[in-house]
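Residue numbers (this note's numbering), protein chains in the order written: chain L, 331 to 669; chain Z, 331 to 669.
For the record, the hints were derived by calculation from the structure and aren't laboratory data.
Each hint should be verified, as a subset may be incorrect.
One copy or two, either will do: identical chains are not told apart, so a pair holds if it fits within one copy or between any two.
[Unchecked claim] Taking lysine to any residue pairs in the SDA-like style, the calculated list, with each CA pair at most 20 Å apart, reads:
| id | residue 1 | residue 2 |
| --- | --- | --- |
| 1 | 456 | 387 |
| 2 | 456 | 555 |
| 3 | 484 | 467 |
| 4 | 484 | 435 |
| 5 | 456 | 552 |
| 6 | 484 | 638 |
| 7 | 533 | 589 |
| 8 | 456 | 553 |
| 9 | 456 | 554 |
| 10 | 533 | 638 |
| 11 | 533 | 516 |
| 12 | 484 | 384 |
| 13 | 484 | 423 |
| 14 | 484 | 404 |
| 15 | 456 | 513 |
| 16 | 484 | 565 |
| 17 | 533 | 503 |
| 18 | 484 | 336 |
| 19 | 484 | 382 |
| 20 | 456 | 503 |
| 21 | 456 | 432 |
| 22 | 456 | 416 |
| 23 | 484 | 420 |
As the structure is a prediction and not an experimental result, all values here were calculated from the model.
2 protein chains.
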Amino acid sequence: MITRSRHLPLALSQGDPSGIGPEVALKAWMSRRDDTRPFFVLGDPDLFERTAQALSLSVPVARVTPAQANDAFATALPVLPIGTVRGVPGRPDAADAPVTIAAIEQAVALVQAGEAAAVVTNPISKDVLYGAGFRHPGHTEFLGELAERHSGGKVLPVMMLWSPALAVVPVTIHVSLARAIAELTTELIVETGRIVAADMRAKFRVASPRLAVAGLNPHAGENGAMGREDIEIVAPAVARLRAEGIDARGPLPPDTLFHATARTTYDAVLCMYHDQALIPIKTLAFDSAVNLTLGLPFIRTSPDHGTAFDIAGQGVAHAASLIAALDLAALLADRAGGA
Amino acid sequence: MITRSRHLPLALSQGDPSGIGPEVALKAWMSRRDDTRPFFVLGDPDLFERTAQALSLSVPVARVTPAQANDAFATALPVLPIGTVRGVPGRPDAADAPVTIAAIEQAVALVQAGEAAAVVTNPISKDVLYGAGFRHPGHTEFLGELAERHSGGKVLPVMMLWSPALAVVPVTIHVSLARAIAELTTELIVETGRIVAADMRAKFRVASPRLAVAGLNPHAGENGAMGREDIEIVAPAVARLRAEGIDARGPLPPDTLFHATARTTYDAVLCMYHDQALIPIKTLAFDSAVNLTLGLPFIRTSPDHGTAFDIAGQGVAHAASLIAALDLAALLADRAGGA
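Construct the complete structure from the given sequences, taking the supplied hints into account.
Okay, here's the thing in structure tokens:
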């Protein structure tokens, strides 16, 4: 007997069809088929049937509309057809890019129309999409623009890496370490902190989120002995956040901020550069960290790995991170209440 | 019955007498009194008697020569008298600095004379010692100079943070992040890597040590997309180390270098800056990381914490890191063979 879920389903974009996205989506369905929050894929249903067959995964595929996804989920992976792709494993093809992009756009449109609860995105390859005219620095910025198109207002998407053990937000991201130092401003820390605090309230339902703010320098600069940035840039940002009623503390010495006892003292950490955030979370939760975008008017998560073209089609990809991304999206959808 | 140990004892310098050093030394004796590798303290015996009494720790104190330390160890904390200090808890006093310094000098002299197996140092306060004319940037550099005095040759002391889970070596240390980037050179990485490889062989008895070399930038620069330093500075250093027959690999993406599976692939990591090394080891082994100085002609370890004047005299200090420092010194002394 099929139980009709009361919940809106999650919308999973297919990602690059030549990467491990299709494989981990099939494996995630096998793992989550009894979950109370179903998901459906946006992409090419044939690609999923071919992948299941090639990898000997017993996963039926159902072609669905979003409204049919929940009923289909218990017995098949529901796929909303977006278009047809070649999707040769390990051989990315610019000809497939339009379907990859359309799947993301359609996922956002469905969530904003109230037909899906959250967007979960499988990995894309910027290089492949650039060849097809994609002009965004990455997935996150593209989603920000899609949100702006819909809302009309300015959107600053903020990347959080989340795991049950630790949530971190890098204030600067994919730039060299030298450029991260140069780009770090009080304003950027404050804007990021505001969005994190607001979304910890709105999405995680933490009434009074506690933000730890890491220093930039060793020992948070030790009163200026090891760099002035913590005094001149980070400390004023903490003061401004506090003046706005946000429970922010810092700049804190980065090296003593991530052990088990320290982690009980905050809900999220604002980190000043990529590896200050990524080193601790990948050390603690390598397979299960989730990429969550804050600042969007909807829930968006993604697995914390890339397309992995080198192992696509071999059946060896781990679905743990996609499963964690679906689970977090479901958790946040539940907390958002209603459907 | 007292069992006479066959081993040379470890020499523990008292550290700042107003910090937590005396307390953790007493606690370490309580924890390690049955260990096959005894230790003795160099300092003021009265300070240890006063501290034991004030904190209600049942630790007799024995005034000893180094040769008497082993016999005394089973029933008392052996202390080699160096001088008399005030040592008021939490109130550091420049008048005590000469004894603090002499204890370190004497510990090194005894190890170099073959009367002790290794030097273990309790924390000092540079500010206090500067007031008494101390002119070294820190403990490690002071030990380097003491070693040079004895050997006549140039010594480059290299700091390793060690725990059973992970060993890391920051190539640049107590400078701002911006200065760390500016100071990073191929030559510095190569010199550090040579010393680490040599001491992993000589002290840890690892026949062919595997060194992982972390990149400076996120994703190790991603082929120059996020900074050129990994191509221009780090990669040539790895090539030179390999040309010298050292099993070095890198530059490796820093964020995926410290999870459990990755840690099985190397014996130590060369890190490009302080927090790249300290964040992962303090996340994994907050209480039990040990500071080990490589490049010296003797074994030297120390706990990975400071004087902690703020909690001195309260009986709440944890001895775990000092115990780990003594244990590692004992392990390396055992591996060095002979006495």
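Tested hints:
{"no.": "1", "hint": "456 / 387", "in the structure": "neither (29 Å within a copy, 64 Å between copies)"}
{"no.": "2", "hint": "456 / 555", "in the structure": "between (41 Å within a copy, 13 Å between copies)"}
{"no.": "3", "hint": "484 / 467", "in the structure": "within (17 Å within a copy, 50 Å between copies)"}
{"no.": "4", "hint": "484 / 435", "in the structure": "within (18 Å within a copy, 64 Å between copies)"}
{"no.": "5", "hint": "456 / 552", "in the structure": "between (40 Å within a copy, 13 Å between copies)"}
{"no.": "6", "hint": "484 / 638", "in the structure": "neither (33 Å within a copy, 48 Å between copies)"}
{"no.": "7", "hint": "533 / 589", "in the structure": "neither (25 Å within a copy, 29 Å between copies)"}
{"no.": "8", "hint": "456 / 553", "in the structure": "between (42 Å within a copy, 15 Å between copies)"}
{"no.": "9", "hint": "456 / 554", "in the structure": "between (40 Å within a copy, 16 Å between copies)"}
{"no.": "10", "hint": "533 / 638", "in the structure": "neither (30 Å within a copy, 40 Å between copies)"}
{"no.": "11", "hint": "533 / 516", "in the structure": "neither (25 Å within a copy, 47 Å between copies)"}
{"no.": "12", "hint": "484 / 384", "in the structure": "neither (44 Å within a copy, 63 Å between copies)"}
{"no.": "13", "hint": "484 / 423", "in the structure": "neither (33 Å within a copy, 58 Å between copies)"}
{"no.": "14", "hint": "484 / 404", "in the structure": "neither (39 Å within a copy, 71 Å between copies)"}
{"no.": "15", "hint": "456 / 513", "in the structure": "neither (23 Å within a copy, 34 Å between copies)"}
{"no.": "16", "hint": "484 / 565", "in the structure": "neither (27 Å within a copy, 41 Å between copies)"}
{"no.": "17", "hint": "533 / 503", "in the structure": "neither (22 Å within a copy, 40 Å between copies)"}
{"no.": "18", "hint": "484 / 336", "in the structure": "neither (33 Å within a copy, 74 Å between copies)"}
{"no.": "19", "hint": "484 / 382", "in the structure": "neither (41 Å within a copy, 64 Å between copies)"}
{"no.": "20", "hint": "456 / 503", "in the structure": "within (16 Å within a copy, 36 Å between copies)"}
{"no.": "21", "hint": "456 / 432", "in the structure": "within (15 Å within a copy, 62 Å between copies)"}
{"no.": "22", "hint": "456 / 416", "in the structure": "within (18 Å within a copy, 66 Å between copies)"}
{"no.": "23", "hint": "484 / 420", "in the structure": "neither (37 Å within a copy, 53 Å between copies)"}
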